[in-house]
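Top line first, the protein sequences correspond to chains A and B. Following the working numbering, the numbering of the first sequence begins with 3 at its first residue and continues without gaps. Following the working numbering, the numbering of the second sequence begins with 3 at its first residue and continues without gaps.
Please note: incorrect hints may appear among the correct ones.
It does not matter which identical chain is meant; a pair holds if it fits inside one copy or across any two.
Simulated crosslink set (BS3-like; lysine-lysine; CA at most 30 Å straight-line) [said to hold, decoys possible]:
#: 1; residue 1: K11; residue 2: K335
#: 2; residue 1: K52; residue 2: K12
#: 3; residue 1: K161; residue 2: K60
#: 4; residue 1: K11; residue 2: K218
#: 5; residue 1: K218; residue 2: K4
#: 6; residue 1: K216; residue 2: K4
#: 7; residue 1: K226; residue 2: K111
#: 8; residue 1: K406; residue 2: K218
#: 9; residue 1: K335; residue 2: K27
#: 10; residue 1: K406; residue 2: K267
#: 11; residue 1: K218; residue 2: K335
#: 12; residue 1: K12; residue 2: K111
#: 13; residue 1: K406; residue 2: K226
#: 14; residue 1: K49; residue 2: K37
To be clear, the hints were calculated from the coordinates, so they are not data collected in a lab.
There are 2 protein chains.
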Amino acid sequence: MKQIVEIAKKSREAAHVLSNISSGKKNEALNKMSKLLVKKRGYLIEKNSKDLAFAREKGLSNAMIDRLTLNDSTIEGMAKGLSEVAALPDPVGEVTSMRRRPNGLLVGKMRIPIGVIGIIYESRPNVTADAAALCMKSGNTAILRGGSEAINSNLAIAKILQEALREAEIPEAVIQVIPITDRKAVNEMLTLEEYIDLIIPRGGEELIRAVVNKSKIPVLKHYKGVCHIFVDSSADFDMAANICINAKTQRPGVCNALETLLVHKDISGEFLPLISSKLREADVIIKGCERARAIVPELEEAVEDDWYEEYLDLVLAVRIVDDIDGAIAHIEKYGSLHTESIITKDYKNSQRFLQEVNSSTVLVNASTRFSDGFELGLGAEIGISTTKLHAFGPMGLEELTTTKFIIYGDGQIRT
Amino acid sequence: MKQIVEIAKKSREAAHVLSNISSGKKNEALNKMSKLLVKKRGYLIEKNSKDLAFAREKGLSNAMIDRLTLNDSTIEGMAKGLSEVAALPDPVGEVTSMRRRPNGLLVGKMRIPIGVIGIIYESRPNVTADAAALCMKSGNTAILRGGSEAINSNLAIAKILQEALREAEIPEAVIQVIPITDRKAVNEMLTLEEYIDLIIPRGGEELIRAVVNKSKIPVLKHYKGVCHIFVDSSADFDMAANICINAKTQRPGVCNALETLLVHKDISGEFLPLISSKLREADVIIKGCERARAIVPELEEAVEDDWYEEYLDLVLAVRIVDDIDGAIAHIEKYGSLHTESIITKDYKNSQRFLQEVNSSTVLVNASTRFSDGFELGLGAEIGISTTKLHAFGPMGLEELTTTKFIIYGDGQIRT
Numbered sequence: 003m004k005q006i007v008e009i010a011k012k013s014r015e016a017a018h019v020l021s022n023i024s025s026g027k028k029n030e031a032l033n034k035m036s037k038l039l040v041k042k043r044g045y046l047i048e049k050n051s052k053d054l055a056f057a058r059e060k061g062l063s064n065a066m067i068d069r070l071t072l073n074d075s076t077i078e079g080m081a082k083g084l085s086e087v088a089a090l091p092d093p094v095g096e097v098t099s100m101r102r103r104p105n106g107l108l109v110g111k112m113r114i115p116i117g118v119i120g121i122i123y124e125s126r127p128n129v130t131a132d133a134a135a136l137c138m139k140s141g142n143t144a145i146l147r148g149g150s151e152a153i154n155s156n157l158a159i160a161k162i163l164q165e166a167l168r169e170a171e172i173p174e175a176v177i178q179v180i181p182i183t184d185r186k187a188v189n190e191m192l193t194l195e196e197y198i199d200l201i202i203p204r205g206g207e208e209l210i211r212a213v214v215n216k217s218k219i220p221v222l223k224h225y226k227g228v229c230h231i232f233v234d235s236s237a238d239f240d241m242a243a244n245i246c247i248n249a250k251t252q253r254p255g256v257c258n259a260l261e262t263l264l265v266h267k268d269i270s271g272e273f274l275p276l277i278s279s280k281l282r283e284a285d286v287i288i289k290g291c292e293r294a295r296a297i298v299p300e301l302e303e304a305v306e307d308d309w310y311e312e313y314l315d316l317v318l319a320v321r322i323v324d325d326i327d328g329a330i331a332h333i334e335k336y337g338s339l340h341t342e343s344i345i346t347k348d349y350k351n352s353q354r355f356l357q358e359v360n361s362s363t364v365l366v367n368a369s370t371r372f373s374d375g376f377e378l379g380l381g382a383e384i385g386i387s388t389t390k391l392h393a394f395g396p397m398g399l400e401e402l403t404t405t406k407f408i409i410y411g412d413g414q415i416r417t
Numbered sequence: 003m004k005q006i007v008e009i010a011k012k013s014r015e016a017a018h019v020l021s022n023i024s025s026g027k028k029n030e031a032l033n034k035m036s037k038l039l040v041k042k043r044g045y046l047i048e049k050n051s052k053d054l055a056f057a058r059e060k061g062l063s064n065a066m067i068d069r070l071t072l073n074d075s076t077i078e079g080m081a082k083g084l085s086e087v088a089a090l091p092d093p094v095g096e097v098t099s100m101r102r103r104p105n106g107l108l109v110g111k112m113r114i115p116i117g118v119i120g121i122i123y124e125s126r127p128n129v130t131a132d133a134a135a136l137c138m139k140s141g142n143t144a145i146l147r148g149g150s151e152a153i154n155s156n157l158a159i160a161k162i163l164q165e166a167l168r169e170a171e172i173p174e175a176v177i178q179v180i181p182i183t184d185r186k187a188v189n190e191m192l193t194l195e196e197y198i199d200l201i202i203p204r205g206g207e208e209l210i211r212a213v214v215n216k217s218k219i220p221v222l223k224h225y226k227g228v229c230h231i232f233v234d235s236s237a238d239f240d241m242a243a244n245i246c247i248n249a250k251t252q253r254p255g256v257c258n259a260l261e262t263l264l265v266h267k268d269i270s271g272e273f274l275p276l277i278s279s280k281l282r283e284a285d286v287i288i289k290g291c292e293r294a295r296a297i298v299p300e301l302e303e304a305v306e307d308d309w310y311e312e313y314l315d316l317v318l319a320v321r322i323v324d325d326i327d328g329a330i331a332h333i334e335k336y337g338s339l340h341t342e343s344i345i346t347k348d349y350k351n352s353q354r355f356l357q358e359v360n361s362s363t364v365l366v367n368a369s370t371r372f373s374d375g376f377e378l379g380l381g382a383e384i385g386i387s388t389t390k391l392h393a394f395g396p397m398g399l400e401e402l403t404t405t406k407f408i409i410y411g412d413g414q415i416r417t
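Chain A extracted, bound-state conformation (with noise of 0.2 Å):
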């Protein structure tokens, strides 16, 4: 397909130019958007309506009607997150670790942005803005492929981006939405080593592993969050019940929500029943290992397959474990390397679970929902990653940059 290799080639030419454009221009570009996005509200919602007309014919869902539909208050919402990338620090031009060599060589690394990132993502169209901004400030381009349902609403959002772009005298391909919805196109763009550094996915796990077959290009991204909780002997009950309702129920169908819990067998008999009756007033349904069943009957059956699962939903997989070594082991086979809490109140489980757990997110005595690069203080996040090489973990501006050794000399050669 020519027109994906023009469009990934013309990322590549932008790139160069971006990667030497100052962080006041790059800002000032982000605002306009901003305001743009606004001004303009009239002509997005008359392009979202066309998708949404479509949407209805084609039967889909009320929540995908619902998260693909754009109006004021979602269009504010958009605006708002470009200006807030705006005021985030630019990563770009950092210079650390400088460090005077023994031959009077001065060595230090300067951040740098990565090039060229295509973002394939699923149906809020809302991702468009969001994405490219964090892309831009980050001095990336940005080839965006949404989902086929919100084609027009991305075109139409990404028309008034490069509106704002030419304003700011920025090259309009810095922010480009691949404009044809067959899947042709994504397979091409994921041959396109020599123009696109890196890949981020960001949808339901079938989007990711089509992704992740299909690309030459480095992809960063994680299938599934299961996340676990391990109350241990030594827990606070009334803090471990609240975390753990926090953490399955707050927003049960996010990644960082809570998805086995595992319990020290010493509290089991007076934790379990306190944690299920709290978890069944939330209408969370409760399957549970043979040893867990035996001390609250009610509870449903888990098979082996539960451990993998990761619900997204009001269900709960919970299993008693000996000890610590035992939760350790359970999440080293079972985990995701998403994110694990403890909740304990003994100082060297705190300090073992944070070192032996190696998980992208660990944590002590507190809820499995602040695995999230705002939450965090990375100022945003562009997605997750559960692959250890680059980022691991939450990934804000800085994990869109790269690092260069830069070298001051006075006529070194070497010896």
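Given chain A's structure and the hints, the job is docking chain B onto it.
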């Protein structure tokens, strides 16, 4: 191939154990390995002689046989390398960026091993000890796959390293050499993404391309080093000549040697004859652009392909450019993102070059030969990356690790 899967599985299990072994214990094992290699050099030389006999039978070149040979001095070199790695600081466990969030959570990053690393390399058997040591020190297990011509030497080295691991009570599977020389073994290894986290190929471009094409596992690599020096109009001629001669001739067969010299047009009439005569004294064949040949007619003709060429030999391409923009544009088009240097007295041009050239190592007034892990102060080098993801430039121990988020709470939930 069941045997390869078994090796990979064992490596994954050992990685979990190794990630929690103290620095002291890892250093103890490295020092034991160092001593044992020297102690058992008779055994090594005997096993190596099998490889050498076979190499002579196959009619391998003297250079190849030289690289393959183990003797007292190369074995002592390997042993010294191991104790030097033992003396390096351990990156694992370092905690950085600890910050208190508004809700009281204490959020930071802890450095952890990547996990299981596959190293694919060519004939030098010393890479077996060197790569294994760097992986182990950074908490990673190593699966080593050397060239078939060195198989007896590599297996003998691994046997000694494993003996030291046993003595130090560290699982032997921390270091494994693939005993099968069939190419199918390496192809199988490259599909085991479930067990292996990272592949590092070390060798020629052909080997690396073959690995990248087959691998489902992330690969850190560079294909080639087409390194440039730009001699600016304000350059000190003595310094420029010194640096060019050093970068081209000190060790022409390595990736950070100079391949293309760019000369500012304003000084070309004076500098080009000077550097040409010095290069010819050092037996360097020079291929010049038309403008260069108009000044020094004896130069051979450079064609378009020469600008992409990594000669790895006493051959140099020379091009006259109009100014720093011409030099940066040439590097952008023909460069390999490896290493580039500017020779200048001009403040602005030095800053522009450092800023605008996004190769992995960028120097001012110094030889490209400094693009090396030891020279840049990393303490060691496992390889060089010209891909911007994860690591860019020479990679030391830190580049064999990643970070996870660690969070200390006291009952926080998300609202």
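Going through the hints against the structure:
In this assembly of identical chains, the alpha carbons of K11 and K335 lie at most 30 Å apart only when taken from different copies (13 Å versus 43 Å within one copy). Taking identical chains as interchangeable, the C-alpha atoms of K52 and K12 lie at most 30 Å apart only when both belong to the same chain, with a minimum of 29 Å there against 55 Å between chains. In the homo-oligomer, the alpha carbons of K161 and K60 lie at most 30 Å apart inside one protomer (26 Å), although the nearest pairing across protomers, at 64 Å, exceeds that limit. For the homomeric pair K11 and K218, the shortest alpha-carbon distances inside one copy (17 Å) and between copies (26 Å) are both at most 30 Å.
Taking CA atoms no more than 30 Å apart as the test, K218 paired with K4 passes in both settings, with 18 Å inside one copy and 27 Å between copies. In this homomeric assembly, K216 and K4 come within 30 Å of each other (Cα to Cα) both inside a single copy, at 19 Å, and across copies, at 26 Å. Taking the shortest Cα distances, K226 and K111 sit within 30 Å of each other only across copies (22 Å), while inside one copy they are farther apart (34 Å). Both within a single protomer and between protomers do K406 and K218 lie at most 30 Å apart by alpha-carbon distance, with minima of 23 Å and 26 Å respectively.
Taking CA atoms no more than 30 Å apart as the test, K335 paired with K27 passes between copies only; the shortest distance there is 26 Å, against 48 Å inside one copy. Proximity of K406 and K267 under a CA criterion of 30 Å is satisfied inter-copy only: 29 Å between copies versus 51 Å inside one chain copy. Within a single copy, K218 and K335 get their C-alpha atoms as close as 29 Å, and across copies as close as 22 Å, so both meet the 30 Å cut-off. Taking identical chains as interchangeable, the C-alpha atoms of K12 and K111 lie at most 30 Å apart only when both belong to the same chain, with a minimum of 28 Å there against 37 Å between chains.
Taking the shortest alpha-carbon separations for K406 and K226, only the inter-copy value of 17 Å comes in at or below 30 Å, while the best intra-copy value is 32 Å. Proximity of K49 and K37 under a CA criterion of 30 Å is satisfied intra-copy only: 18 Å inside one chain copy versus 73 Å between copies.
Against the hints set out earlier in the document, no violation occurs for any number.
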